[in-house]
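This is what each chain is made of:
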Amino acid sequence: MPWTDPVTFYDGDPLTAAQLNTFIRDNLLETGPGKATTASRLITTANVNQIEERQWSHAYAGASLTVDNKFPSIEENEGEALGPSLTVDHGGQMLIMYDCRIYVDDETGNAMYAPVVNGDLPETSNYAVRSGREGIQRSGGWFLWEGEPGLAEITMAYGIYGNGTVASYAYRLLSVLAF
Amino acid sequence: MAWVAPYTFVAGVLTADDLNAMLRDNMNETAPAKARQRNSYFSSTGANALAERRMIQKSANGQINISSSSYVTAADGPSLTVQHSGSLLAMWSCRMFVSSGVDRNNPASCSVSLAGQQSGLDRWAARHPGDRADINRVSSYNLFTGLPPGESTVTLVYRVSSGSANFAQRQLIVMPF
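Residue numbers (this note's numbering), protein chains in the order written: chain A, 1 to 179; chain B, 1001 to 1177.
Treat each hint with caution, since some may be false.
To be verified - Listing some non-contacts, in silico: residues in chain A with all C-beta distances to chain B over 12 Å:
#1 Ser-57
#2 His-58
#3 Ala-63
#4 Ser-64
#5 Asn-69
#6 Arg-101
#7 Asp-120
#8 Ala-157
#9 Ala-170
To be verified - Straight-line C-alpha distance at most 20 Å; calculated SDA-like pairs for lysine to any residue:
#10 Lys-70(A) to Asp-1134(B)
#11 Lys-35(A) to Asn-1028(B)
#12 Lys-1058(B) to Gly-92(A)
#13 Lys-1034(B) to Thr-31(A)
Stated by the list, open to error - Facing chain B, from chain A, some residues (calculated, C-beta under 8 Å):
#14 Trp-3
#15 Pro-6
#16 Val-7
#17 Thr-8
#18 Asp-11
#19 Phe-23
#20 Ile-24
#21 Thr-44
#22 Val-48
#23 Val-129
#24 Gly-140
#25 Phe-143
#26 Phe-179
Derived by calculation from the structure, the hints in this document are not laboratory data.
Backbone N, C-alpha and C define an ideal beta-carbon position, used for all residues, glycine too.
Could you build the full structure based on these sequences and the hints that come with them?
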């Protein structure tokens, strides 16, 4: 039931079961404890006078992935994105955090990677992690995605910017906080 | 209206004042009553009080060149102003390229400043090592606490210790509490 603005009561007016059900039972079911189902979740707003329970989602791909094609490419293995990937129920906003250990074999190009939401790279490479340093380093980034509420699939795109570089990505982490 | 601690009912007359204080007014202090838009969350503002807050983001993708050894702002920021109850989480990142003269002991830095603050910014700065002319995205964050509740403006600031550096695809996220 949707939230109903509580009415003002007056002495002498009869207190009906319908009022109690609307203003106590139904409204209490719309509050945070009424909506909470599982530990460690976040209460967010879904609309005017409407709240929802949301949660962190987390995915990890530990294997080293070697890439020599141009950014952005969504690497696939037999048609499956290599990920890490997540499917998240959200209300129109997600904080997406991503990082991994990158190895670059020379400094003539950059290793890049960035999250992909429903098959689209948000604003091309503006949020992509870049590493142009020969050797190993852990790099990460984050961005706040906004769009229509619903289910979103988030995976990662990898690739090279520039010439002559081969990069490897390992210990790849993806975390999403839905609002 | 402020939250009223629920009292224990005893046998007798239930008055309109009881219902208005304990039911109407307290219901209006709960999260669904205060929700005004989607994608927000609730933060406590004090004892028995909540406020709706929202995480926001701003980006400035253009490249700027910085040669100042003290932190300076850019005309396009990015900068964000939020309402909070005394704390906020700032997260930022940018693509950095060291163009000349910076060494590993004097890195290029990208930090955030509250209300023009100039001290302590290196403590949470994201840094480019500075010893080679390579491109890297660097990221950092800081939880600011103990702020006077109200409005704060968070601004990305930049500096190099020597030489100059380019900063591009600059991004700032603020989560107020």
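Against the structure, the hints come out as follows:
{"no.": "1", "hint": "Ser-57", "in the structure": "holds (16 Å)"}
{"no.": "2", "hint": "His-58", "in the structure": "holds (17 Å)"}
{"no.": "3", "hint": "Ala-63", "in the structure": "holds (23 Å)"}
{"no.": "4", "hint": "Ser-64", "in the structure": "holds (20 Å)"}
{"no.": "5", "hint": "Asn-69", "in the structure": "holds (19 Å)"}
{"no.": "6", "hint": "Arg-101", "in the structure": "holds (14 Å)"}
{"no.": "7", "hint": "Asp-120", "in the structure": "holds (17 Å)"}
{"no.": "8", "hint": "Ala-157", "in the structure": "holds (14 Å)"}
{"no.": "9", "hint": "Ala-170", "in the structure": "holds (18 Å)"}
{"no.": "10", "hint": "Lys-70(A) to Asp-1134(B)", "in the structure": "holds (18 Å)"}
{"no.": "11", "hint": "Lys-35(A) to Asn-1028(B)", "in the structure": "holds (17 Å)"}
{"no.": "12", "hint": "Lys-1058(B) to Gly-92(A)", "in the structure": "holds (17 Å)"}
{"no.": "13", "hint": "Lys-1034(B) to Thr-31(A)", "in the structure": "holds (11 Å)"}
{"no.": "14", "hint": "Trp-3", "in the structure": "holds (5 Å)"}
{"no.": "15", "hint": "Pro-6", "in the structure": "holds (4 Å)"}
{"no.": "16", "hint": "Val-7", "in the structure": "holds (7 Å)"}
{"no.": "17", "hint": "Thr-8", "in the structure": "holds (6 Å)"}
{"no.": "18", "hint": "Asp-11", "in the structure": "holds (4 Å)"}
{"no.": "19", "hint": "Phe-23", "in the structure": "holds (6 Å)"}
{"no.": "20", "hint": "Ile-24", "in the structure": "holds (7 Å)"}
{"no.": "21", "hint": "Thr-44", "in the structure": "holds (5 Å)"}
{"no.": "22", "hint": "Val-48", "in the structure": "holds (6 Å)"}
{"no.": "23", "hint": "Val-129", "in the structure": "holds (5 Å)"}
{"no.": "24", "hint": "Gly-140", "in the structure": "holds (6 Å)"}
{"no.": "25", "hint": "Phe-143", "in the structure": "holds (6 Å)"}
{"no.": "26", "hint": "Phe-179", "in the structure": "holds (4 Å)"}
The structure shown violates none of the earlier numbered hints.
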